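Protein sequences, first through last, are from chains A and B.
Its first residue numbered 11, the first sequence is counted upward by one per residue in my numbering.
Its first residue numbered 1434, the second sequence is counted upward by one per residue in my numbering.
Derived by calculation from the structure, the hints in this document are not laboratory data.
Do not take every clue at face value.
Residues of chain B clear of chain A, computed beta-carbon distances all greater than 10 Å [said to hold, decoys possible]: (1) 1437; (2) 1438; (3) 1448; (4) 1472; (5) 1474; (6) 1498; (7) 1538; (8) 1547; (9) 1550; (10) 1559.
Output of the computed footprint for chain B on chain A, the stretches with three or more beta carbons under 8 Å from beta carbons of chain B [to be verified]: (11) 83-95; (12) 98-111.
In this text the structure is predicted, and so the values were computed from the model without any measurement.
Just so you know, even glycine gets a beta-carbon here, dropped at the ideal spot from N, CA and C.
One-letter residues, chain by chain:
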Amino acid sequence: MPSRKSSQNVRSKKNNLPFGGYKRSLELATAGMVEILDIERLVRLIVYMIVKKVRLTHVGILLYNDAKKSYVLTSSKGKKGSVIPKEYIRMENDDVIIKFFAERTNYLINRSGAIRKEDLLKYLKKGTVNNSLRDCIGQLRAEMEDYDVDALVPGYFQTKNLLGILFLGKKSNGSRFQQEELDFFMALARTAVMAIRNAQLYKNIQKIFYGIIKAMSLSIEKFDPDFTRPHMDRMFDMAASMVVKLERRGVVFPDIPKELFISSIFLHDIGKQYTPKEILYKEGPLTQGEWAILKKHPVDGAEIFEQIDGLEEVAAIIRYHQEKFDGSGYPEGLKGYKIPLGARIATIVDSFDAMTHSRPYRKAPFSIEDAVAELIKNKNKQFDPDLVDVFVEVLAEKGMLKDGGGSSKVGHIFNKLLSPRTVA
Amino acid sequence: MPEKIKLLVVDDEELICNYVEQRFKKKGFDVLFALSGEEALVIFEKERPDIVILDIMMQGINGIETFKRIKKICPNPKVIIVSALDNNEQIEYLKTLGVSSYLTKPILLKDLDNLVVKFADEINSKI
Ligand SMILES: [Fe+2]
Ligand SMILES: [Fe+2]
Chain A
11 MPSRKSSQNV
21 RSKKNNLPFG
31 GYKRSLELAT
41 AGMVEILDIE
51 RLVRLIVYMI
61 VKKVRLTHVG
71 ILLYNDAKKS
81 YVLTSSKGKK
91 GSVIPKEYIR
101 MENDDVIIKF
111 FAERTNYLIN
121 RSGAIRKEDL
131 LKYLKKGTVN
141 NSLRDCIGQL
151 RAEMEDYDVD
161 ALVPGYFQTK
171 NLLGILFLGK
181 KSNGSRFQQE
191 ELDFFMALAR
201 TAVMAIRNAQ
211 LYKNIQKIFY
221 GIIKAMSLSI
231 EKFDPDFTRP
241 HMDRMFDMAA
251 SMVVKLERRG
261 VVFPDIPKEL
271 FISSIFLHDI
281 GKQYTPKEIL
291 YKEGPLTQGE
301 WAILKKHPVD
311 GAEIFEQIDG
321 LEEVAAIIRY
331 HQEKFDGSGY
341 PEGLKGYKIP
351 LGARIATIVD
361 SFDAMTHSRP
371 YRKAPFSIED
381 AVAELIKNKN
391 KQFDPDLVDV
401 FVEVLAEKGM
411 LKDGGGSSKV
421 GHIFNKLLSP
431 RTVA
Chain B
1434 MPEKIKLLVV
1444 DDEELICNYV
1454 EQRFKKKGFD
1464 VLFALSGEEA
1474 LVIFEKERPD
1484 IVILDIMMQG
1494 INGIETFKRI
1504 KKICPNPKVI
1514 IVSALDNNEQ
1524 IEYLKTLGVS
1534 SYLTKPILLK
1544 DLDNLVVKFA
1554 DEINSKI
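Taking the hints into account, I'd like the entire structure generated from these sequences.
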């Protein structure tokens, strides 16, 4: 068989220590994987690692989906026409592939636990197979043919629950899967399962956390239904867009997931529940004493979250959302990049919204254009100048600026946006 | 030997078109594909496919509009809707338009196969 021979030549040229090569790949994979908490990114990475190691016509990851109560092809890569498009197909528990792996009859086929299509034929020829298993294996073969895969690699958690299956197409060089390759894929699958489970648990915890945040924001709605809730919704939207934009430019949000970061901006005014309604709703200017009371809201809000370990950065954003870039804000008069990034974002988004929507203590709202002019005028005074530019770009992209906002282009180095970690 | 049955796949995701095309070519169908509703209508007019596999959410004219216009060309088209949307209202609405076959992404491939085979049998028995 010429194809086999030539492929082995390629192999020995490329890698004279095949097993060592796989072991090394696996170590690298293991190191990175458990760090990733985003499931989609994780499965993309696994697919990427496979195609980098072994050239295949196509590869796919079938993953159990709780909401759909079935296995969904979550990520894939490969040759046009061969690759099964991701999110296009699902498989239910009665599917022969799923059944076969879920019931773990497969150890009969290959010692690694994976299945090679060629092994199925060999197994059938043995003659010791009973009829029902023969049927099952026949169906399995037909289905592998149908999906155009040469090997299937299962991933289990807690040794018995099938979390997913790797679909491996044909090898591009036409050779068969080696035992050591199957062993590699099984080991990779074990690591992948751990990482995916980890990410799933994390996601669940996050869900609960956002549930709590949502519940807390509902309490804000209760004490100030006229402005706080819609104000926060608008702020959340703007802040989220800014964060996405900053991330695309390489700004790293330190030690805090993006969603959590945006959520803290959402909570910035939660301390206002301690501000008396007479002050919050007062028409006309506040007295000095009333201002002093209103000014307590950042600290009051921060103190709620300072109780929770791990949410120090959230508390800091709340605490410093009224600080100004030139140091003239409250409660501490922090200056410049000492103010946490989230707080610097919050103050821009908050001020803009206050200017463009009326509040009890400031009746005359600005037009969007005037408010933008005001933000620009206050660069370096109240606001971080680079963030003002980013904000204006976001407004322009949302179509909120009449002139399209083409005038503001940002070409700064964004590293300096990173604030030193703030300890409140 | 009867003529090959002609299938038209409409989806704005090219990978899906390619995959479904390959899949049904292997099963002996003649397969065409279109990446938009507009393109689908041009092809439909010219090629008169026997069966259409139609996505709903597409830029430009969407699948529902495409279906309505296909019906103007051919009153009883054999159309299989494949959509990511899984809401009863839409399914009910599509039924009033005369859609009988509806699959939700992610689909079970055997559902798609069965529907295509069912339509193909209907066509063959007429000949
Ligand atoms: Fe505030
Ligand atoms: Fe505010």
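Against the structure, the hints come out as follows:
1. Look at residue 1437 (chain B): its CB is around 19 Å from the nearest CB on chain A, clear of 10 Å, so calling it non-interface holds up.
2. The non-interface label for residue 1438 (chain B) is consistent with chain A: the shortest C-beta to C-beta separation is roughly 19 Å, beyond 10 Å.
3. Not every beta carbon of chain A lies more than 10 Å from that of residue 1448 (chain B), the smallest distance being close to 4 Å; the non-interface claim is violated.
4. Distance to chain A confirms residue 1472 (chain B) as a non-interface residue, since its nearest Cβ pair spans about 18 Å, more than 10 Å.
5. Its beta-carbon lying about 23 Å from the closest one in chain A, residue 1474 (chain B) satisfies the requirement of being farther than 10 Å from that chain.
6. No beta-carbon of chain A is positioned within 10 Å of the beta-carbon of residue 1498 (chain B); the least distance is around 23 Å.
7. Residue-level check failed: residue 1538 (chain B) sits 6 Å from the nearest beta carbon of chain A, not beyond 10 Å.
8. No beta-carbon of chain A comes within 10 Å of the beta-carbon of residue 1547 (chain B); the shortest separation is about 13 Å.
9. With a least CB separation of 14 Å from chain A, residue 1550 (chain B) remains clear of the 10 Å interface cut-off, as annotated.
10. With 10 Å as the threshold on Cβ separation, the claim that residue 1559 (chain B) sits away from chain A holds: the shortest Cβ distance comes to roughly 28 Å.
11. Check on the region 83-95 of chain A: 7 of its residues sit with their Cβ under 8 Å from a Cβ of chain B, so the three-residue criterion for coverage holds.
12. Evaluation of the coverage hint for the region 98-111 of chain A: fulfilled, as 5 residues show C-beta separations to chain B shorter than 8 Å, against a requirement of three.
In terms of the numbered hints stated before, the structure departs from hints 3, 7, listed from lowest to highest.
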